[in-house]
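*Asks:* Each chain, written out:
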Amino acid sequence: MKNTILQVEDDPNDVFLLQYALIKVGVNDPVQVAGDGQEALDYLAGVGKFADRKAYPLPGLVLLDLKLPYVMGLEVLKWIRQQPGTPRIVIILSASGQKTDIAAAYHLGANGFLVKPAEAGKFQDMAKAIKDYWLTQNIPPAEVAGAGAPGGSR
Amino acid sequence: MKTVLLVEDNEDDILLTKLACERSGIPHRLDIVTDGYAAVDYLTRTGIYADCTHHFLPDLIFLDVKLPKRSGMEVLEWIRGRPKLANIPIIMLTNSSDPADIHQAYKLGVTSYLLKTADAEEFKNAVRLILKYWILLNMAQTSDLQYSFAN
Numbered sequence: 345m346k347n348t349i350l351q352v353e354d355d356p357n358d359v360f361l362l363q364y365a366l367i368k369v370g371v372n373d374p375v376q377v378a379g380d381g382q383e384a385l386d387y388l389a390g391v392g393k394f395a396d397r398k399a400y401p402l403p404g405l406v407l408l409d410l411k412l413p414y415v416m417g418l419e420v421l422k423w424i425r426q427q428p429g430t431p432r433i434v435i436i437l438s439a440s441g442q443k444t445d446i447a448a449a450y451h452l453g454a455n456g457f458l459v460k461p462a463e464a465g466k467f468q469d470m471a472k473a474i475k476d477y478w479l480t481q482n483i484p485p486a487e488v489a490g491a492g493a494p495g496g497s498r
Numbered sequence: 002m003k004t005v006l007l008v009e010d011n012e013d014d015i016l017l018t019k020l021a022c023e024r025s026g027i028p029h030r031l032d033i034v035t036d037g038y039a040a041v042d043y044l045t046r047t048g049i050y051a052d053c054t055h056h057f058l059p060d061l062i063f064l065d066v067k068l069p070k071r072s073g074m075e076v077l078e079w080i081r082g083r084p085k086l087a088n089i090p091i092i093m094l095t096n097s098s099d100p101a102d103i104h105q106a107y108k109l110g111v112t113s114y115l116l117k118t119a120d121a122e123e124f125k126n127a128v129r130l131i132l133k134y135w136i137l138l139n140m141a142q143t144s145d146l147q148y149s150f151a152n
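Protein sequences appear in the order of chains S and W.
Position in the first sequence counted from 1, then plus 344, gives you the numbering used here.
Position in the second sequence counted from 1, then plus 1, gives you the numbering used here.
Please note that a few of the clues may not be correct.
Unchecked claim - Cβ-Cβ distance ranges computed for the label pairs, FRET-style:
(1) W:ASP32 - S:ALA447: 17 to 25 Å
(2) W:ASN11 - S:HIS451: 26 to 34 Å
(3) S:LYS422 - W:LYS85: 18 to 26 Å
(4) S:ALA447 - W:ARG46: 34 to 42 Å
I should point out that these hints are in silico values taken from the structure, not numbers from a laboratory.
What you are looking at is a predicted structure, and each value in this text was computed from that prediction instead of being measured.
Don't be surprised by glycine CBs; every beta carbon is placed ideally from N, CA and C.
Take these sequences, add in the hints, and give me the full structure.
*Replies:* Right, dumping it as C-alpha cells:
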C-alpha cells in the first residue's frame, strides 16, 4: 500500500537530497513537502488547498526538521500529538543531535530522532534506515474511518 | 554499552530473541523480565532488583502485549506516566496484529510496533535490523550520543 510521506523541511537542498536518497534506496511512496511549520500544520489540518485529500493525502510518516520558519518543529510535533484520531509516526530529522532537542522531542512524543548527515553522500544511509525500519519493519496505526483528519476537513 | 530490556513471558520467544540478539553482531546488553510486575520492579530498582549493580536505565524496551500479572499495555501506560522513564523508546514486539491493539499502543505512546515472525531466519534478520536502527542510528535520550551513518 502506498503510504504518503510528509517531509517538513525549509532547506531546499535537504529536500532535494532526501528525496533523491529515498528514490535511490527504492522508496516508492509519494513524498509531499511542507516548506515551513505553518504549512505543515495547514497540510495536516487540511486547510486551504490541502483540503483536497486526493491531492494531499494524510501522511503515514512525517519527517520533521526542528528549525523551521514560522512554527518550529517541536511545536508541529506537539500539535500533532494533541490531535484526536489516527496517531502519526513522526521522525525528527535534525541537523544537530543536541541532548535538549532529543529530550524535548521524545517528551513530546516523537517516534524517532535521526541526525542529518553533514555529507550529501550519506543521505542514502539515512534514507535506508528510514526505509528498512519505519517503512518495512514497523507496523503503523491503521487509519480509523472518520477519525483520521485532525482539524477536520471531512 | 547500551542496554535492551526484553519483557516477555513465552520461553520460546525469549530464547529466539536472545539468540537473534546475540547473533546480530551489534554490541548491547540484553536484560530479560518475564511479567509486567517484574518490568516495573526492574525499572524502579525495587523488589528483586533492589540490589542490582547495573544502575542504568535501558536504552530500549521490547515489550510483549500479552503478559502475566500486568499486561503490556498497562506497563506501557505506567512507563509513559513516569517522567523519568517517559522518554525511553518502547517497541511492542508482539504476535498481535489486531488493529485495536496497534491503535491503543500508539495512543498510549508506544514508539514502534513490530510483529514477531514465526520464521526463525526472518526473525533473526528483523532483530538485526531493529537493533541496528535503535542502537547504531537513532538518537535516544538515555544513550551516549554515539552516532552514525558512517558504516
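*Asks:* Work down the list of hints and note, for each, if the structure agrees.
*Replies:* Each hint tested on the structure:
1. W:ASP32 - S:ALA447: 17 to 25 Å: Between W:ASP32 and S:ALA447, where Cβ atoms are some 23 Å apart, the hint holds.
2. W:ASN11 - S:HIS451: 26 to 34 Å: holds, 32 Å
3. S:LYS422 - W:LYS85: 18 to 26 Å: holds, 21 Å
4. S:ALA447 - W:ARG46: 34 to 42 Å: 21 Å Cβ-Cβ, so the 34 to 42 Å window is violated.
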